[in-house]
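K.L.:
Listed below, chain by chain, are the residues.
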Amino acid sequence: MNRINKLFQNKHERILSVYFTAGYPKLDDTVPVIQELVKNGVDLIEIGMPFSDPVADGPVIQGSSLVALQNGMSVHKLFDQLKDIRQSVDIPLILMGYINPVIQFGVDAFCQKCREVGIDGLIIPDLPLAVYEEEYKAIFEVNNLHNIFLITPQTSDDRLRRIDEASSGFIYMVSSNSTTGAKEGVTDFQNVYFERISKFGLKNPRLIGFGISSAETFRNACNYAHGAIIGSAFVKALGTDLPLNEKVSQFVKTIATEV
Amino acid sequence: MPENYFKKYPSKEGYFNEYGGAFIPPVLESEMKKINDAYYAISKSHNFISELRSIRKHYQGRPTPVYYCNRLSDKYGARIYLKREDLNHTGAHKLNHCMGEALLAKFMGKKKLIAETGAGQHGVALATAAAYFGLECEIHMGEVDIIKEHPNVVRMQILGATVVPVSHGLKTLKEAVDSAFLAYLEDPINSIYCIGSVVGPHPFPMMVRDFQRVVGIEAKEQFFEMTGELPDSVVACVGGGSNAMGIFSAFLGDEECELYGIEPGGHSLDLGDHAATMTKGTPGIIHGFKCYLLQDEKGEPSPVYSVASGLDYPGVGPEHCMLKDLKKVNYDTISDKECIDAFYELSRLEGIIPALESAHAVAYALKLAQKEPQKSILINLSGRGDKDLDFVLEKYGLPENRKNW
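Quick note, the sequences are listed as chains A and B, same order. Residue numbers for the first sequence follow this note's numbering, so the first one is 1 and each next one is one higher. Residue numbers for the second sequence follow this note's numbering, so the first one is 1001 and each next one is one higher.
These aren't lab readings, by the way, just hints derived from the structure by calculation. Cβ coordinates follow ideal geometry from the N, Cα and C atoms, glycine included. Incorrect hints may have been included.
[Said to hold, decoys possible] Just a few of them, taken from the derived set where beta-carbon distance is under 7 Å, the chain A residues facing chain B: (1) SER52; (2) ASP53; (3) VAL55; (4) ALA56; (5) GLY72; (6) SER74; (7) ILE99; (8) ASN100; (9) PRO101; (10) LEU150; (11) GLN154; (12) ASP157; (13) ASN191.
[To be verified] With a Cα cut of at most 30 Å, we get these calculated DSSO-like pairs of lysine-lysine: (14) B:LYS1033 <-> A:LYS203; (15) B:LYS1298 <-> A:LYS137; (16) A:LYS203 <-> B:LYS1034; (17) A:LYS199 <-> A:LYS236; (18) A:LYS77 <-> B:LYS1034; (19) B:LYS1034 <-> A:LYS137; (20) B:LYS1171 <-> A:LYS137; (21) B:LYS1298 <-> A:LYS83; (22) B:LYS1033 <-> A:LYS77; (23) B:LYS1034 <-> A:LYS26; (24) A:LYS199 <-> B:LYS1034; (25) A:LYS236 <-> B:LYS1171; (26) A:LYS137 <-> B:LYS1106.
Turn these sequences into a full structure, and let the hints guide you.
P.N.:
Here you go:
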């Protein structure tokens, strides 16, 4: 069974998913960051593949992506770094990135590589649903990869149903009409949206992301979904001067502490 | 070309055969759908069309003339004509789509226009449109271009626009697009993104083309009235490709007209030295659409360079990509040196100082003229060169003082 499905079968609340950019802050930090996150009890990890024109991302992840690219990060390099990752890590791993580097790598080859190193799912924000269904779905499925779709406050009921139908891992609820890392805190408007989605009766579990940066925002998101995703706030923490293990453990503690 | 070409291309999903589309995150997807729906509902309405026509006539000064170049034709052969978009208000063709986009924004109840600019022509045009309609305007511009195109920066500020400097990457057009997208996503309800060319996700390549078609429609009629026939060749420069789509669109069905899209060859055709996307690019996805793209083996857009800031972009309009594959348009390059030579030739032989972008088209037309002196050539002179004077003088000097290249 795919590790993502296993996770959601065994755990139904307060699932903590953390995003970071591969090759940041240093090229060879990818694997140590994953291992530290696992040590600190994170449930799921999203590994960002840096791209120079990340249209869904705010300044923090844009910045980490540029540093990673300057460090020499690439899709080839990432698969290289991850080749033995399953010897030490059991939790689900997802790759997140933009479509062009995947196309240039070759979609077939990319998905096969994912299976080889033990990737469980992909998040590609600029891959439209219709194109996925027509050209990519079969390849993803053969390689046991879940495609994770994003929904936003603007997503219509009709589209929600289509996305629920096309999803097999979980649904990524974007908390606002914005980019990653944009806003702190949660507005009433967001809670109305969270409420609408949680009552919609989706068959797939949901995680809330974008703008989750503290114990409080994490707890609020967990009231409306199975858990939440933290990206920019963690990437910001990775950018500080502390030793890696301290950066990670301090950060996870701040978020996951029950208030 | 099929009779119903403009209804057939793009498809409902925004494709020009395999190019175009909308490769964008869901946040943008719902906004693009709203713009698309509004475009179909509003831009075909009687009120919209009559207001836009009145603006074109009384405010922009359209139709712009077609002009026969006496001395240039004498010297180089052929009969050379210019479609004078440099005489369009603000000095370039860009205002044609900016007034359309801003009018659409007004009908949609938006309060703020956001865009990127390279040479500053699109920024100036949009700032002008914003002033006309009483809307706020925010223009994102790379720091390199801000220095190079200083007069346009001042013009935007005088017109009341906010110019946001972009300091990441190469600090030119591509980075300005990233930055403008982000600013738009901050408040898509009250603002609208007004892209500067026939690029970006659907519906922009279609909308901008449709607003620019006026150039081709006028030029064809004017040329025929002057000569009793159609031009043998039509030449336009291609960065994103808006002025070229504008003029080509009227001639796509005329087998006897050869169409030429001219890309910036820069210093050389080595990677990083040029922005000749159609000539050297491979299919890829950038800024939400599929097109020929200058990119490295990792799928990262390559650094690009051109003497003309407005042509400095690693992607190109999806419709151009389709027209290239269909061999409907010939795409070729002109180097910086050829561009500067043509800049001075047109200035001194006709008293018309072209924008460096448009000078690429002029340079190619001069080559064509020498090859086929019996033919007629229509050049889309997409903009005037006032913005480039200081830069050209400082970097290249006057022809009589110029050292060997």
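K.L.:
Hints first: check each against the structure and report whether it holds.
P.N.:
Going down the list of hints, with the structure as the test:
1. Interface restraint check for A:SER52: the shortest CB-CB distance to chain B comes to about 5 Å, inside 7 Å, so the restraint holds.
2. The restraint placing A:ASP53 at the interface with chain B holds, with a minimum CB-CB distance near 6 Å, inside the 7 Å limit.
3. Against a cut-off of 7 Å between C-beta atoms, the interface hint on A:VAL55 holds, since the closest Cβ of chain B lies about 5 Å away.
4. Interface restraint check: A:ALA56 against chain B, minimum CB-CB distance 4 Å, threshold 7 Å, status holds.
5. Checking A:GLY72 against chain B by beta carbon gives a least distance of about 10 Å; that is not within 7 Å, so the hint is violated.
6. With its C-beta approaching chain B no nearer than about 5 Å, A:SER74 sits inside the 7 Å limit, and its interface hint holds.
7. Interface restraint check: A:ILE99 against chain B, minimum CB-CB distance 6 Å, threshold 7 Å, status holds.
8. This hint holds: A:ASN100 has a C-beta 4 Å from the nearest C-beta of chain B, less than the 7 Å allowed.
9. A least Cβ separation of about 4 Å between A:PRO101 and chain B falls short of the 7 Å threshold, and the interface hint therefore holds.
10. Restraint check, A:LEU150 versus chain B: the minimum CB separation of about 5 Å is within 7 Å; hint holds.
11. The beta carbon of A:GLN154 is positioned within 7 Å of a beta carbon in chain B (closest approach about 4 Å), and the interface hint is therefore held.
12. With its C-beta approaching chain B no nearer than about 13 Å, A:ASP157 sits outside the 7 Å limit, and its interface hint is violated.
13. About 18 Å separates the beta-carbon of A:ASN191 from the nearest beta-carbon of chain B, more than 7 Å, and the hint is not met.
14. Between B:LYS1033 and A:LYS203 the CA atoms are separated by roughly 26 Å; this keeps the pair inside 30 Å, and the hint holds.
15. Our distance criterion of 30 Å between C-alpha atoms is met by B:LYS1298 and A:LYS137, whose separation comes to about 23 Å.
16. Taking the CA atoms of A:LYS203 and B:LYS1034, the gap is about 28 Å. The hint holds against a cut of 30 Å.
17. With a CA separation close to 34 Å, the supplied pair A:LYS199 and A:LYS236 exceeds the 30 Å bound.
18. Taking the CA atoms of A:LYS77 and B:LYS1034, the gap is about 40 Å. The hint is violated against a cut of 30 Å.
19. Of the pairs offered as hints, the one joining B:LYS1034 and A:LYS137 holds, with about 27 Å between alpha carbons and a cut-off of 30 Å not exceeded.
20. The hinted pair formed by B:LYS1171 and A:LYS137 fails the criterion: a straight-line CA distance of about 37 Å is larger than 30 Å.
21. Annotation: proposed proximity of B:LYS1298 to A:LYS83 holds, straight-line Cα distance about 19 Å (limit 30 Å).
22. Restraint check for B:LYS1033 and A:LYS77: not satisfied, since their Cα atoms lie roughly 37 Å apart, outside the 30 Å limit.
23. For the hint pairing B:LYS1034 with A:LYS26, the CA-to-CA distance comes to about 41 Å; that exceeds 30 Å, so the pair is violated.
24. A C-alpha spacing of about 26 Å is found between A:LYS199 and B:LYS1034, which places the hinted pair at or below 30 Å, so the restraint holds.
25. Between A:LYS236 and B:LYS1171, the direct Cα distance comes to roughly 23 Å. Compliance with the 30 Å bound is thereby established for this hinted pair.
26. Of the pairs offered as hints, the one joining A:LYS137 and B:LYS1106 is violated, with about 41 Å between alpha carbons and a cut-off of 30 Å exceeded.
Checked against the numbered hints given earlier, this structure breaks hints 5, 12, 13, 17, 18, 20, 22, 23 and 26; the rest are met.
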